[in-house]
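Enquirer: As you go down the protein sequences, you meet chains A and B in turn.
Counting along the first sequence from 1, when you hit position 78 you're at 77 in numbering that gives the first Met the number 0, and nothing is skipped either side.
Counting along the second sequence from 1, when you hit position 20 you're at 19 in numbering that gives the first Met the number 0, and nothing is skipped either side.
Calculated from the structure, these hints are not laboratory results.
Please read these numbers as outputs of a predicted model, since none were measured by experiment.
Just so you know, not all the hints are guaranteed correct.
[As the list claims (entries may be wrong)] Derived DSS-like pairs (lysine-lysine); straight-line CA-CA distance at most 30 Å:
(1) A:Lys217 x B:Lys227
(2) B:Lys163 x B:Lys217
(3) A:Lys231 x A:Lys206
(4) A:Lys217 x B:Lys231
(5) A:Lys217 x B:Lys163
(6) B:Lys194 x A:Lys194
(7) B:Lys217 x A:Lys169
(8) A:Lys163 x A:Lys231
(9) B:Lys231 x A:Lys169
(10) A:Lys163 x A:Lys35
(11) A:Lys194 x A:Lys35
(12) B:Lys206 x A:Lys206
(13) A:Lys231 x B:Lys35
(14) B:Lys206 x B:Lys231
(15) B:Lys231 x A:Lys231
(16) A:Lys231 x B:Lys163
(17) A:Lys169 x B:Lys227
(18) B:Lys163 x A:Lys227
(19) A:Lys169 x A:Lys227
(20) B:Lys194 x A:Lys169
(21) A:Lys163 x B:Lys204
[Unchecked claim] Footprint (simulated), chain A over chain B, 3 or more residues, beta carbon under 8 Å:
(22) 65 to 76
(23) 207 to 217
(24) 223 to 229
Built from N, CA and C at the ideal position, the CB exists for glycine as well.
Number of protein chains: 2
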Amino acid sequence: MHTQSSILSTPREPEKRSPIPRQSLGAAVVERLREKILNGELREGEQLRQDAIATEFQISRIPVREALTHLAAEGLVTLVANRGAVVSALSPEEIMELFETRAVLECYMLRCAIPELSREDFARAEGILRDYEESLEKDSEMESWGRWNWSFHSALYAPANRPKMLSLVKNLNVNCDRYTRLHLVVTRNQHRAGKAHRELLEACKTKDPEIASAALWKHITEAGAYLKEFLKRHREQHQRA
Amino acid sequence: MHTQSSILSTPREPEKRSPIPRQSLGAAVVERLREKILNGELREGEQLRQDAIATEFQISRIPVREALTHLAAEGLVTLVANRGAVVSALSPEEIMELFETRAVLECYMLRCAIPELSREDFARAEGILRDYEESLEKDSEMESWGRWNWSFHSALYAPANRPKMLSLVKNLNVNCDRYTRLHLVVTRNQHRAGKAHRELLEACKTKDPEIASAALWKHITEAGAYLKEFLKRHREQHQRA
DNA sequence: GATGTCAAAATTGCAGGCAATCTTCGTTCG
DNA sequence: CGAACGAAGATTGCCTGCAATTTTGACATC
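Using the sequences plus the hints, can you model the full thing?
Expert: As structure tokens, then:
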């Protein structure tokens, strides 16, 4: 490496089966920025200046530009010509739409998965749930909440055997993530979320597509509707600035 | 700063089409490459060398790299680290999945739109259909077929008033486009496709969500299933290479 | 003849710099 | 006093050049 790659220094697990998953600088910047957006370190509407990010990571602006276009495609940032990038600021209606789209696709996937769900799948999902609840006992663990949540949901959808649809749904979940975290913070009970997940799992165990997808639909759209209202009120308060 | 901070903070104006669409070079390359992929000028699995594209358009490789990452996000090309980009080669199952995802989302949108569909909406859709059939009389017009198709479908979905979902569905349609064109070529009758569209429009006119969405579901999944089988046979034949 | 090794060519990845564009703020004119 | 104007600073868009990686193919070894 010709320059000291400060961002790549994270000794995170290889995680992929690739021999050497030595990612590009651009990809590393994507991950860092995505995490910063999801955990709220970068707020809605905040400007992302290429030069600032480049100097922060001690790299040039080229990989930063790549990362920004990538994040724009994911929907987390918005690009304006000759005026740079800002963290996407979604209207309450758009957020509701995001959750609604999740509900449509995830319920369909769950219906497809239900007949294929085996005892092992249920056991795995339960294990994820248990691990999650245990980690909750210690501290909030907001950082990794999105990963826990997704691994639980995807465990239920994976048997549907629709990889493309799954990755699409995953991206939707990433976009919902920062709002879901907000949901957890304001409702102040991750435990209730855990209970909702447990109810969903029980619904799946009935092996009835109608019951399961109805539970999932409720789970997703209620969170979306709550957030829509909450953010509408919240922004009305903070609008005059 | 103090006087204008409210304008900067309000996400009221995300982006409107600038009167002079003086797009960046990268955006221009995206359009050209996308069209080349969709109309088959660039075949599945074909390598896209940055330098070759850059010299073809007489620009540097920087905007080309931007365009490639953008197209990768759209799903039209696949990026491999340190090994460049290739035109995405989807398996028959993945193609079927793409159409299935379209069916799920578009049927939902149509159900939402049905109660809102006005006489003007039907007239507009009919006009699009008529223009399309007229242009068919002259010549094949394969180039712009995707645009016609999308303008017809989106005319039916627009009243659902879900812009984010609509843009997601639009991207799925773009990805399906090159296969749909193939479908039209091998079945050799765009007229039949026109008839299917007309039947769909009639189904919508009943204002019955069940009838309309059933017609749409059939329209989309039949094309997907046909293409899946066709490509499976086609590739088996051309496998030994 | 098959296989492993390694250097040169081809290609991608990234840095620094320059021109174009936007923003800011002081100045002038109505 | 407010609005139009314009120059300096800030920021983005793109190009050239070089380092790093992959691929190719000639050569050596078994």
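Enquirer: So, for every hint listed, does it hold in this structure?
Expert: These are the hints, each one checked on the structure:
At roughly 34 Å between alpha-carbon atoms, Lys217 (chain A) and Lys227 (chain B) are farther apart than 30 Å, so this suggested pair is violated. Straight-line distance between C-alpha atoms of Lys163 (chain B) and Lys217 (chain B) comes to about 24 Å, which keeps the hinted pair within the 30 Å bound. For the suggested pair Lys231 (chain A) and Lys206 (chain A), the alpha carbons sit about 38 Å apart, so the restraint of at most 30 Å is broken. Distance restraint check for Lys217 (chain A) and Lys231 (chain B): the Cα-Cα separation of roughly 39 Å exceeds the 30 Å cut-off, and the hinted pair is therefore not satisfied.
Under the criterion of a C-alpha separation no larger than 30 Å, the hint pairing Lys217 (chain A) with Lys163 (chain B) is consistent with the structure, at around 21 Å. For the suggested pair Lys194 (chain B) and Lys194 (chain A), the alpha carbons sit about 51 Å apart, so the restraint of at most 30 Å is broken. Restraint check for Lys217 (chain B) and Lys169 (chain A): satisfied, since their Cα atoms lie roughly 27 Å apart, inside the 30 Å limit. At roughly 33 Å between alpha-carbon atoms, Lys163 (chain A) and Lys231 (chain A) are farther apart than 30 Å, so this suggested pair is violated.
For the suggested pair Lys231 (chain B) and Lys169 (chain A), the alpha carbons sit about 28 Å apart, so the restraint of at most 30 Å is met. Between Lys163 (chain A) and Lys35 (chain A) the CA atoms are separated by roughly 26 Å; this keeps the pair inside 30 Å, and the hint holds. At most 30 Å may separate the alpha-carbon atoms for a hinted pair to count; Lys194 (chain A) and Lys35 (chain A) meet this at roughly 28 Å. The hinted pair formed by Lys206 (chain B) and Lys206 (chain A) fails the criterion: a straight-line CA distance of about 34 Å is larger than 30 Å.
For the suggested pair Lys231 (chain A) and Lys35 (chain B), the alpha carbons sit about 44 Å apart, so the restraint of at most 30 Å is broken. For the hint linking Lys206 (chain B) to Lys231 (chain B), the alpha-carbon distance of about 38 Å lies beyond 30 Å, and the restraint is violated. About 50 Å separates the Cα atoms of Lys231 (chain B) and Lys231 (chain A), which puts this hinted pair outside 30 Å; it is violated. Between Lys231 (chain A) and Lys163 (chain B) the CA atoms are separated by roughly 18 Å; this keeps the pair inside 30 Å, and the hint holds.
Taken as a hint, the Lys169 (chain A) and Lys227 (chain B) pair is honoured in the structure, with Cα atoms around 25 Å apart against an allowance of 30 Å. For a cut-off of 30 Å, the pair hint linking Lys163 (chain B) to Lys227 (chain A) stands: about 15 Å separates their Cα positions. Only pairs whose Cα atoms come within 30 Å are accepted, and Lys169 (chain A) paired with Lys227 (chain A) is accepted, the gap being roughly 21 Å. Between Lys194 (chain B) and Lys169 (chain A), the direct Cα distance comes to roughly 36 Å. Violation of the 30 Å bound is thereby established for this hinted pair.
Annotation: proposed proximity of Lys163 (chain A) to Lys204 (chain B) is violated, straight-line Cα distance about 33 Å (limit 30 Å). Interface restraint, the region 65 to 76 of chain B with chain A: holds (5 residues with C-beta to C-beta distance below 8 Å; minimum three). Chain A is given as covering the region 207 to 217 of chain B, and this is violated because 0 residues of the stretch bring a CB closer than 8 Å to a CB of that chain, at least three being needed. Three residues within the 8 Å Cβ limit are the bar, and the region 223 to 229 of chain B against chain A gives 0, so the coverage statement is violated.
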